[in-house]
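Given only the sequences and the hints, what does the whole structure look like? Please build it.
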Amino acid sequence: MTGIEERLRDALAARAESVRDDGRPRRLPAPRERSSGARWRAPLAVAAAILIVVAATVAVTRTVTSPAPAVRPTPDTSVAPVEQMWPGAVHEIPAKGPGGGGFLPDVFVTDRVVVGRGFPKDRPGEIWSYDLDKRTFARIARLKKEDVGNHPLVFGDGHLAWSAFSGRMKEVWTVPVTGGVPRRIASDRATVTRDNMVLGIGRMAIADGMVVWSPDVGGVYRAPLKGGKATLIDGTKGYSLVEWPWAGSPRNDSLVGDPSPRPVEHLKNLLTGGRKDVTAPAGRPSWADCGVTWCFNGVEAWRRDGTGLRRLPGAASGEIYSGRFVLLRQRPSGGKQPIGVHDLATGRTGLLFQISTLTGGKPPTFHLQDGIAWFQTGRGTQVLVNLSAIGR
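The opening position of the sequence shown corresponds to residue 15 in the working numbering, with each subsequent residue numbered one higher.
One or more hints might be untrue.
Unchecked claim - Below, a list of computed lysine-lysine pairs in the DSS-like style, where the Cα atoms sit at most 30 angstroms apart:
{"id": "1", "residue 1": "Lys110", "residue 2": "Lys158"}
{"id": "2", "residue 1": "Lys110", "residue 2": "Lys159"}
{"id": "3", "residue 1": "Lys240", "residue 2": "Lys159"}
{"id": "4", "residue 1": "Lys290", "residue 2": "Lys158"}
{"id": "5", "residue 1": "Lys148", "residue 2": "Lys110"}
{"id": "6", "residue 1": "Lys110", "residue 2": "Lys350"}
{"id": "7", "residue 1": "Lys350", "residue 2": "Lys376"}
{"id": "8", "residue 1": "Lys110", "residue 2": "Lys376"}
{"id": "9", "residue 1": "Lys251", "residue 2": "Lys240"}
Stated by the list, open to error - Pair ranges (Cβ atoms, derived):
{"id": "10", "residue 1": "Pro264", "residue 2": "Arg208", "range": "55 to 63 angstroms"}
{"id": "11", "residue 1": "Gly394", "residue 2": "Gly242", "range": "37 to 45 angstroms"}
{"id": "12", "residue 1": "Arg126", "residue 2": "Gly405", "range": "13 to 21 angstroms"}
{"id": "13", "residue 1": "Pro264", "residue 2": "Arg324", "range": "21 to 29 angstroms"}
{"id": "14", "residue 1": "Lys158", "residue 2": "Gly320", "range": "44 to 52 angstroms"}
{"id": "15", "residue 1": "Gly320", "residue 2": "Gly113", "range": "29 to 37 angstroms"}
{"id": "16", "residue 1": "Arg198", "residue 2": "Asp147", "range": "43 to 51 angstroms"}
Note that these hints are calculated values from the structure, not bench results. By construction, the Cβ of each residue, glycine as well, lies at the ideal position given by its N, Cα and C atoms.
This is the structure:
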């Protein structure tokens with residue numbers, strides 16, 4: 015294993031998504047031991063770590079059983095830079111915002127406006143929008159809590175929502191996207207793990223005048239945007255929000271010391287009560303990573319009902335984003351390791367960047383989440399991929 019792979023493995027093991035975030039984007043740290051109560055402070059680097067850690071793990075954790083049925087080839091294995099593959103969805107913007115502080119893009123609120131967190135003093139202190147046409151930033155709000163969660167801002171019904179910490183309390187905050195004073199709409203005691211890490215809030219969405227979310231320990235809660243009591247949605251104990259209105263079970267309790275080797279086998283529609291269960295293709299393990307529509311095991315993908323089995327044009331890692339996208343590591347060539355975003359729905363892959371395999375080159379600061387992927391270019395800009403705009 016190379017030095018860079020060891021650093022990436024170490025970063026992934028830190029489970030940064032479960033801990034607090036001081037919001038400072040930085041490259042990968044050197045490996046270090048974690049002590050009880052220590053907080054790993056490079057959540058953005060973990061996103062980059064997920065890209066490559068599959069090199070060390072996919073051969074072990076995603077081995078395909080034998081015998082197995084024939085696999086249909088990928089519909090389109092061509093790989094072009096993301097700006098050529100999906101030209102209308104790719105944009106280059108400044109990496110720094112007003113006053114020279116960093117800008118962490120979170121969500122496209124329209125095809126031409128992206129919103130994210132600003133770092134005027136090297137901490138997440140403001141919410142900014144960036145207009146792609148005007149090439150200008152605008153401040154939406156000042157954050158009342160700098161100790162925000164690792165998860166991104168979400169948008170819906172004209173509002174933004176996010177999570178924050180206050181001592182050992184987890185909180186949900188909102189503000190109109192047009193600007194205003196942030197409002198705390200929910201607060202609850204956070205779970206503390208056996209190694210003294212404070213867990214916060216995982217997936218979140220805004221729909222029908224409500225903010226809905228799952229704590230890292232499960233259940234789906236909701237609270238009105240206009241204020242009111244937060245309540246647990248009936249029938250969601252043991253479930254976690256997957257993609258509104260879908261909640262999934264079993265939830266993965268790895269953060270509190272009880273990892274589940276199973277996928278999200280059961281889905282429940284929280285609006286209609288409809289259900290979807292996972293079915294693996296013949297000869298494939300049933301514990302692949304699954305979303306609402308797609309499943310993958312690192313080297314292959316298929317639909318949740320077991321149909322459409324096909325081989326991926328590389329090794330996929332992480333989870334499924336925006337219902338259909340995964341990170342893809344392709345075979346090195348000419349001393350370069352291609353890293354891309356693969357669309358499970360179409361079989362197309364957009365190349366994000368390449369990492370040198372000869373000099374131990376470091377990946378750029380990179381992030382992938384529902385709705386958006388971005389990486390810093392190293393020349394004062396960052397490339398955004400609006401995943402929500404692909405295939406519309």
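Query raised in the report: Taking each numbered hint in turn, which are not upheld by the structure, reported in ascending numerical order?
Result: Hints 4, 10, 15, 16 are the ones this structure does not satisfy, whereas the remaining hints hold.
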